[in-house]
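J.: Throw the hints in and build the complete structure from the sequences for me.
What follows is the residue order along each chain.
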Amino acid sequence: MKKHFRSKSLYFILMPILAFLYLSPFLYMLLRSFLRFDQASLFNYSPTLFNYETVLTGAKFGHYFLNSLIVLVAVLFANIFFSVPVAYAFSRYEFPFKKLLYATVLLSLVLPYHIMLFPILNIAVKTNIYDTLFALIIPFALNGFNVFFLKRYIDALPEDLEHTARVDGAGEFAILRHVVFPLTRPALAIVAINTVITTWNSFIFPLILTETSKARTLPVALSYFSQGAYATDWGILMAASGVSSLPLVLIFWFFQKQIINGMTAGSLKE
Amino acid sequence: MVFWNYWDPKLILPAIERFEAEHPGVKIKNEQVSWGSALDKILVSMANGKEPDICEMGSTWMGKFMNAGVLYPLGSADISDKYFMSEAVTWDDTLYGMPWLVSTRVLFYNKDLLEKAGIYSPPETWQELLYAAQKTNEPRKGIFGFGMNAGEPHVLYKKFMPFVWGNGGEILDEENSFVFNSKETAEALDFYKELQKYSYSEKQDFLDELFKRGKLALNISGSWNFSRYPKEAPNLNYDVALIPKPSHDKGYNASFLGGEVLTVFKTSKHPELAVEFVHHMTQIANSMPITEEAWLNFPADKAILNMPVFREEPKLNVFLKQMETAVHPPIVSEWVELERILNKTVERVMYGEELHQELFAAEHAAGALLNPSKAQPLSIGDKETALRTSSEVALLSIIVIFLIINALLLYFIIKNRPHYLGIGKLQKKNRILYPLHTMIFLSPWLIIFAVFWFYPAVFSFLMSFYKYDIFMPDLLSFTGFSNYFSLLKDREFLQALFNTVVFVGGTVPATTLLALVLAFMLSRLKSAASFFKSVFFFPSVISIVVVATIFKAFYSPFGLFNALLSIFGIEARAWLVEAKLALPAIMLMNIWTYTGYYSILFLAAFTSVPQELYESAELDGAGEWQKLRWITLPSIMPMTVLILIMNSIRSWQVFSEIFTLTGGGPLGNTNTIVHYLYQVGFRYHNMGYASAIGYVVAVTLMALAYLQSRLLRKKEALL
Numbered sequence: 357m358k359k360h361f362r363s364k365s366l367y368f369i370l371m372p373i374l375a376f377l378y379l380s381p382f383l384y385m386l387l388r389s390f391l392r393f394d395q396a397s398l399f400n401y402s403p404t405l406f407n408y409e410t411v412l413t414g415a416k417f418g419h420y421f422l423n424s425l426i427v428l429v430a431v432l433f434a435n436i437f438f439s440v441p442v443a444y445a446f447s448r449y450e451f452p453f454k455k456l457l458y459a460t461v462l463l464s465l466v467l468p469y470h471i472m473l474f475p476i477l478n479i480a481v482k483t484n485i486y487d488t489l490f491a492l493i494i495p496f497a498l499n500g501f502n503v504f505f506l507k508r509y510i511d512a513l514p515e516d517l518e519h520t521a522r523v524d525g526a527g528e529f530a531i532l533r534h535v536v537f538p539l540t541r542p543a544l545a546i547v548a549i550n551t552v553i554t555t556w557n558s559f560i561f562p563l564i565l566t567e568t569s570k571a572r573t574l575p576v577a578l579s580y581f582s583q584g585a586y587a588t589d590w591g592i593l594m595a596a597s598g599v600s601s602l603p604l605v606l607i608f609w610f611f612q613k614q615i616i617n618g619m620t621a622g623s624l625k626e
Numbered sequence: 241m242v243f244w245n246y247w248d249p250k251l252i253l254p255a256i257e258r259f260e261a262e263h264p265g266v267k268i269k270n271e272q273v274s275w276g277s278a279l280d281k282i283l284v285s286m287a288n289g290k291e292p293d294i295c296e297m298g299s300t301w302m303g304k305f306m307n308a309g310v311l312y313p314l315g316s317a318d319i320s321d322k323y324f325m326s327e328a329v330t331w332d333d334t335l336y337g338m339p340w341l342v343s344t345r346v347l348f349y350n351k352d353l354l355e356k357a358g359i360y361s362p363p364e365t366w367q368e369l370l371y372a373a374q375k376t377n378e379p380r381k382g383i384f385g386f387g388m389n390a391g392e393p394h395v396l397y398k399k400f401m402p403f404v405w406g407n408g409g410e411i412l413d414e415e416n417s418f419v420f421n422s423k424e425t426a427e428a429l430d431f432y433k434e435l436q437k438y439s440y441s442e443k444q445d446f447l448d449e450l451f452k453r454g455k456l457a458l459n460i461s462g463s464w465n466f467s468r469y470p471k472e473a474p475n476l477n478y479d480v481a482l483i484p485k486p487s488h489d490k491g492y493n494a495s496f497l498g499g500e501v502l503t504v505f506k507t508s509k510h511p512e513l514a515v516e517f518v519h520h521m522t523q524i525a526n527s528m529p530i531t532e533e534a535w536l537n538f539p540a541d542k543a544i545l546n547m548p549v550f551r552e553e554p555k556l557n558v559f560l561k562q563m564e565t566a567v568h569p570p571i572v573s574e575w576v577e578l579e580r581i582l583n584k585t586v587e588r589v590m591y592g593e594e595l596h597q598e599l600f601a602a603e604h605a606a607g608a609l610l611n612p613s614k615a616q617p618l619s620i621g622d623k624e625t626a627l628r629t630s631s632e633v634a635l636l637s638i639i640v641i642f643l644i645i646n647a648l649l650l651y652f653i654i655k656n657r658p659h660y661l662g663i664g665k666l667q668k669k670n671r672i673l674y675p676l677h678t679m680i681f682l683s684p685w686l687i688i689f690a691v692f693w694f695y696p697a698v699f700s701f702l703m704s705f706y707k708y709d710i711f712m713p714d715l716l717s718f719t720g721f722s723n724y725f726s727l728l729k730d731r732e733f734l735q736a737l738f739n740t741v742v743f744v745g746g747t748v749p750a751t752t753l754l755a756l757v758l759a760f761m762l763s764r765l766k767s768a769a770s771f772f773k774s775v776f777f778f779p780s781v782i783s784i785v786v787v788a789t790i791f792k793a794f795y796s797p798f799g800l801f802n803a804l805l806s807i808f809g810i811e812a813r814a815w816l817v818e819a820k821l822a823l824p825a826i827m828l829m830n831i832w833t834y835t836g837y838y839s840i841l842f843l844a845a846f847t848s849v850p851q852e853l854y855e856s857a858e859l860d861g862a863g864e865w866q867k868l869r870w871i872t873l874p875s876i877m878p879m880t881v882l883i884l885i886m887n888s889i890r891s892w893q894v895f896s897e898i899f900t901l902t903g904g905g906p907l908g909n910t911n912t913i914v915h916y917l918y919q920v921g922f923r924y925h926n927m928g929y930a931s932a933i934g935y936v937v938a939v940t941l942m943a944l945a946y947l948q949s950r951l952l953r954k955k956e957a958l959l
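First to last, the sequence lines map onto chains A and B. Residues in the first sequence are numbered consecutively from 357, following my numbering. Residues in the second sequence are numbered consecutively from 241, following my numbering.
Hint data in this document are derived by calculation from the structure and do not stem from the laboratory. One thing to keep in mind: the hints can contain errors.
[Unchecked claim] Label pairs and their in silico Cβ distance ranges:
1) 289/B to 517/A: 32 to 42 Å
2) 613/A to 698/B: 41 to 51 Å
3) 523/A to 676/B: 47 to 57 Å
4) 484/A to 807/B: 52 to 62 Å
5) 484/A to 765/B: 16 to 26 Å
6) 429/A to 854/B: 38 to 48 Å
7) 351/B to 570/A: 20 to 30 Å
8) 690/B to 417/A: 48 to 58 Å
9) 804/B to 429/A: 33 to 43 Å
10) 376/A to 862/B: 45 to 55 Å
11) 429/A to 266/B: 34 to 44 Å
12) 529/B to 416/A: 47 to 57 Å
13) 417/A to 552/B: 45 to 55 Å
14) 266/B to 455/A: 56 to 66 Å
None of these values were measured; they are calculated from a predicted model. Ideal Cβ placement from N, Cα and C applies to all residues, glycine included.
T.: Right, dumping it as structure tokens:
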């Protein structure tokens, strides 16, 4: 009886309060983004679409959105496609300098990106991809965290299936495709969501690696709306923030079952 | 030709079109750069030969750029009669740019509040200002006398220096010697401290907001308010006046003068044409659209003094008058560093440090900066200022020991237990050798990774042994370990390290524990679980910059956070400004942001626990708690290790939150290592030193990650 009461209180009191705490800043952002001036308080609410109009009509919004989308899709698929073989090789194969090579993967995880901005721009200029969408795709087609994460995951998978496949005459590519890929799907869900979040919100690299509006992405374009060096127009800032996060929110909302199920479907055993 | 500026293209393009019409065949590519990240972008571009032809610059950056000789000279004409800020573009009697837009600060006063206190004319002297602030200050009613800037690294000195200048004080004398430590400055600081008693301390835009709401009687601010106050607060009865002078028979009404200038880079292929374009853009007809858009600043052409738009509007007229006596900060190559010294001094005095001691410290720091060769070795008295209390010495030694232990641990891992970091494999049997497949599978990594990440990593590692100034690439010099050694003596670095340790120590355990509890609760839900899961996952989907922006509004004096606390009778605080509150406030935001994400990861691990274990435990009569303790926790240990490592990497490198919310202030209390690295590299242009910091961050993180996996696995083995 007592237990029953406890779980009920969990349902009706604790969870809604926590959920409200979690949503309130976003509700605030949403409400605020429809207000033109600060004198209209939340108690005397008179919404207007002015801020959204300013943000959405502010020069080539559709173009930037498309750029962001192209980069997102390309980087996402490249990461899913490339990181599994890399992680698999690090996990299962033996080759010279393996530890050293893998240490560089770890190094890329723990090194602050700021000190790499100069050399990265340098390479982008030298390889002629500066100020094109390729500059935002190729360097990010593989990411240290994803390799690290997948390698750990594959380490924990039993090797028996691969051995069986090998005994049955399957080649390494077939094993990768028909054994390893399906087994890593839960981890790939995490890799995917991480990649989507970081790519979509990436700001400093697109800022440095592009120059003209040709290859500009949404976060860089929207940063101009917060440029108030002296006075902040919170309404426009909140509208711009809302617009930039909306696509991800929608993606997450529609695919949440797949994402969370994908993540929770498999196991992360040693 | 490429033109970088910070304005809405619709304000710039008509002027460009006119120029293109006058010069057939010329094409100007207008590129808007965001103000906040402009300098970073210019520096990175310069280092790679990708600078624009024509570039808008902040007038205070000019010393650095002119001294470095990267700008194209525009001639040697004296333009001081025709333009404001002519000193900002002149170097060795040569012109390196044209003043474009100029702004200054005046005193805004609320007429109603002053009249209620029996004051019918604006304060003209320091004494009158103090009196007015004292009379109008009623904190209990939420009304404050004077608006004092705080918590913003680049604004503080602009608000304080007028009092020094007005009192006859200077930052540098004509020989560029530091003369800030003077009687005049001390008087101004004394006065400012007195004024602080009747002041509200916040960031500038919050002060402007407070003034708009009629809660602030006196506020030093700029013309940008004219674009907002009439529309947003039509009933506000206010006016502007010159910034008060020391007394009726002494000093003058000084203010801060600054703005935007247009320059041509030496690398431009058509410098003559670019210069022509600069002259074209600085015509009043072409800069007025920017002024009229938001009244942020005025055309820098002195002809505006006779323009009816400015003359006949009384409030703007005050600005014109103020501009005549306003002072531009000194144009020296070391201005950014000087500005830091000034801000630090004023900030420390305002937060209660002893005035003369701080001025003395400022003089010492500036002396070392301006005359590095003549810098005196520290006397015993100075040493006491450098390491004032024994607790700081203790802290220093703890950090040194901490670093040494980390280095030893790192050596130990790589030597003996590489698999803790995922290096190497646990099972040594079944060695698989497929050289061809290895090559193919690794090829994407070998190419992309090596080119775009490994090379930069090595580059910056080598850089950490050099002294490398972006502005002085010719002076590149090998300095061995001196960057690393100076880190140990760098008090700002040690403070940043300490703050980061506090940040990591506070957020990582809290986030992980709360995520575990939340995951446990979520796992017990039967319906609506996916709704709640999405809700808690939500914050991590959104860019941390956006989250920080929301929280900035949240933590503002009139924000939701204070409103919520007031329900429980807790009085409003300036969360991001008070010295002891800022870091915890950011930590709280951080915990809030990431708990949900990690709880979903924990949830993923929960589902992997074999159900049979629970069933057999239930048969043995285990309760909920025992099942959690003896089955769930041990089973999810690999995930816990992963979450701790991810969490530590993120917290140890915390940057965006700090950058957006506080910029490292107040008093450097929220400066973290990576934020300090950013400042060193991109504000003080010392990439070598920044790289050394970067590698300290990396090595410490490796050790931290190792320590966590080792500690937790040991426990796992015991269970």
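J.: Failing hints, ascending?
T.: Result: hints 1, 3, 5, 7, 8, 10, 12, 13 break, sorted rising.
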